[in-house]
Amino acid sequence: MKRTINHTGRRKLERREVNVRLEERPNQVPTFNVDFFLETKNLPSDAVIVIEAYNRNTLQRFSFGTVGKIEKPDSRILDKVDPTGAPLFRVRIIDETEKVGRLIASVEGLKPESDETEDQRSSIITLACRPLGSQTWIVNIPADAKPELVINNSIPDAMHQLKNNPLFQSLILPSAFRQVLMHYLWEGEFDEGTVQDQWLHFAKHLAGEKPHTEDVSELMTWADMVVERFSERFELCEILKLKMEEAA
Amino acid sequence: MIARKLNKKGLRVFELFIEDLRQGLKPNTPTYLLDNTDSSEAIPLEITLNSNEFTTRYELGEHLVSAIDGQDMQPVMGDTGFWSWLALYWFDQLCPLKADGSRKPSMAYNYVLSNNYNHRPRHAIYTTWQLVGRYGGHSRFLLCKELPVRGELIEQMMARQYLLSCEGVMEAAASLYWDGEIGSYKKGSAARKSAGCVARFVGWLQQLELTYDLFSLKHDDIMELMPVEFDRFKFPGGNKT
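Those protein sequences? They're chains C and E, same order as listed. For what it's worth, our numbering labels the leading residue of the first sequence as 1, then goes sequentially. For what it's worth, our numbering labels the leading residue of the second sequence as 1001, then goes sequentially.
Rather than coming from a laboratory, the hints here were simulated on the basis of the structure. Some clues are possibly wrong.
To be verified - Here are the simulated DSS-like cross-link-like pairs (lysine-lysine), alpha carbons at most 30 Å apart as the crow flies:
{"no.": "1", "chain 1": "C", "residue 1": "K69", "chain 2": "E", "residue 2": "K1234"}
{"no.": "2", "chain 1": "C", "residue 1": "K69", "chain 2": "C", "residue 2": "K163"}
{"no.": "3", "chain 1": "E", "residue 1": "K1218", "chain 2": "C", "residue 2": "K80"}
{"no.": "4", "chain 1": "C", "residue 1": "K41", "chain 2": "C", "residue 2": "K80"}
{"no.": "5", "chain 1": "C", "residue 1": "K41", "chain 2": "C", "residue 2": "K99"}
{"no.": "6", "chain 1": "E", "residue 1": "K1193", "chain 2": "C", "residue 2": "K80"}
{"no.": "7", "chain 1": "E", "residue 1": "K1145", "chain 2": "C", "residue 2": "K12"}
{"no.": "8", "chain 1": "C", "residue 1": "K41", "chain 2": "C", "residue 2": "K163"}
{"no.": "9", "chain 1": "C", "residue 1": "K163", "chain 2": "E", "residue 2": "K1008"}
{"no.": "10", "chain 1": "E", "residue 1": "K1005", "chain 2": "C", "residue 2": "K80"}
{"no.": "11", "chain 1": "E", "residue 1": "K1009", "chain 2": "C", "residue 2": "K146"}
{"no.": "12", "chain 1": "C", "residue 1": "K99", "chain 2": "E", "residue 2": "K1218"}
{"no.": "13", "chain 1": "C", "residue 1": "K80", "chain 2": "E", "residue 2": "K1009"}
{"no.": "14", "chain 1": "E", "residue 1": "K1218", "chain 2": "C", "residue 2": "K146"}
{"no.": "15", "chain 1": "E", "residue 1": "K1008", "chain 2": "C", "residue 2": "K99"}
{"no.": "16", "chain 1": "E", "residue 1": "K1218", "chain 2": "C", "residue 2": "K72"}
{"no.": "17", "chain 1": "E", "residue 1": "K1098", "chain 2": "C", "residue 2": "K80"}
Unchecked claim - From chain C, some residues computed to sit far from chain E (all C-beta separations above 10 Å):
{"no.": "18", "residue": "T84"}
{"no.": "19", "residue": "R92"}
{"no.": "20", "residue": "R102"}
All values derive from a computational prediction rather than experimental measurement. Using N, Cα and C, we set each Cβ at its ideal position, and we do this for glycine too.
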């Protein structure tokens, strides 16, 4: 059995003790909000709480008062953090009674909570809104996380449009679906239960078994069929036409 | 010249140019991409640059920080098109022509800002701006080499990128390793294993980080906590008084 020894006496905060939410608005720098549910039993009430937002090699630190008196800073604008990716957060609780601040509890890599429902959490793609310059949308495919469909946050009400507007859905989703699928097809074999495996499972469910070949044209034909079935299943073209007729 | 950003097409041409150079070809630097509306676009900031010859990366950083003149950089922070445009603008200095007309570029991510977490800090201009903008003269020890050279010290400090965000750490490192008289870092700083070298400093800070809040440590706190192995850089003449 693997054992670890905590020489530092530092407590690892549980993720449920801190709830971070990102607040993104069109054409504005995102801000964040935090709710604390700290188990304060072993934390001195005068210990200082700081939160660091970080993305890639940029970082911004905010002071949140003390364990006994949490005070949110007036400005929680993430204007020093690289906006080209979703920020993560770390929380540090520091004992400042001595000359040098001693770290007594911390947690790293907190993802901001989204408005996703349980159903959406189990989905195979995540949605995000970020600055994209002149591009309307892109797909990010990280190696070890769900693919992400990002829509330009300068589009008014972008996330709502993507979730509810058939025009957005019918024009973006098939192409985004194809991009992710092709990416995973080129990658080859995957372990069971990985995001890639879930995608291929879903694709098989729509269009049957993937051809056992490395022939690019055969794989592309299969991917086309998957996207076609996906579009059929969600009646993307029909719903779009209906909405356009209603609007006319 | 007013700074702009490369668009998708501009970036692709710039990348292909670097690829060609790395294959030993001798294409001309595609500076036409810089102001051609087909390959670049305006940015929401006004940054006027000059094409002076810089002797060190630090000098380039000083010029860039002064040209930015306190404008809010958030709209272009991490923007691949913008930082790659800057690298193209200064490419002839970052990757000078050799006598035989060839160039020896480093990996493309040194010039085209990468999305990869490990490669992004290796961008010649982005990291220079971050360091000079945040720490001014205290970053000189990391950027004192000529433009084509990233330098051993910055490579070692980047092993733990969080350190580059800690002001006290950077100030302490500067006072340990910078030698103002020779205008470079002190002899022995860039060693890999010997006592007190930057690699050992980084290793020691990683231990310190388990106990202390590195971000809030001041220069003097770090100097006081420092073990004796760093004395050879702290008191280079052996004089502790």
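Going down the list of hints, with the structure as the test:
1. The straight-line distance between the Cα atoms of K69(C) and K1234(E) is roughly 41 Å, outside the 30 Å bound, and the hint therefore fails.
2. Annotation: proposed proximity of K69(C) to K163(C) is violated, straight-line Cα distance about 39 Å (limit 30 Å).
3. Distance check on the hinted pair: K1218(E) and K80(C) sit about 21 Å apart at the alpha-carbon level, within 30 Å; holds.
4. Under the criterion of a C-alpha separation no larger than 30 Å, the hint pairing K41(C) with K80(C) is inconsistent with the structure, at around 34 Å.
5. A hinted pair counts as satisfied when its Cα atoms are at most 30 Å apart, and K41(C) with K99(C) qualifies at roughly 24 Å.
6. Using a Cα cut-off of 30 Å, the hinted pair K1193(E) and K80(C) is violated, with the two alpha carbons roughly 35 Å apart.
7. Taken as a hint, the K1145(E) and K12(C) pair is broken in the structure, with Cα atoms around 42 Å apart against an allowance of 30 Å.
8. Straight-line distance between C-alpha atoms of K41(C) and K163(C) comes to about 43 Å, which puts the hinted pair past the 30 Å bound.
9. At roughly 28 Å between alpha-carbon atoms, K163(C) and K1008(E) fall within 30 Å of each other, so this suggested pair holds.
10. With a C-alpha separation of about 20 Å, the suggested pairing of K1005(E) with K80(C) holds against the 30 Å cut-off.
11. The straight-line distance between the Cα atoms of K1009(E) and K146(C) is roughly 28 Å, inside the 30 Å bound, and the hint therefore holds.
12. Between the alpha carbons of K99(C) and K1218(E) the distance comes to roughly 10 Å, so the proposed pair stays at or under 30 Å and holds.
13. A distance of roughly 28 Å separates the Cα atoms of K80(C) and K1009(E); the hinted pair therefore holds under the 30 Å criterion.
14. For the given pair, K1218(E) sits about 40 Å from K146(C) by alpha-carbon distance, which is inconsistent with the 30 Å threshold.
15. With a CA separation close to 51 Å, the supplied pair K1008(E) and K99(C) exceeds the 30 Å bound.
16. Restraint check: the Cα-Cα separation between K1218(E) and K72(C) comes to about 24 Å, which is no more than 30 Å; the hinted pair holds.
17. With a C-alpha separation of about 39 Å, the suggested pair K1098(E) and K80(C) falls outside the 30 Å cut-off, and the hint is violated.
18. Look at T84(C): its CB is around 4 Å from the nearest CB on chain E, not clear of 10 Å, so calling it non-interface is violated.
19. For R92(C), the shortest C-beta to C-beta distance to chain E comes to about 6 Å, within the 10 Å cut-off, and the non-interface label is violated.
20. Interface exclusion of R102(C) from chain E breaks down, the closest Cβ pair being 6 Å apart, not more than 10 Å.
Violated hints for the displayed structure, listed by number in ascending order: 1, 2, 4, 6, 7, 8, 14, 15, 17, 18, 19, 20.
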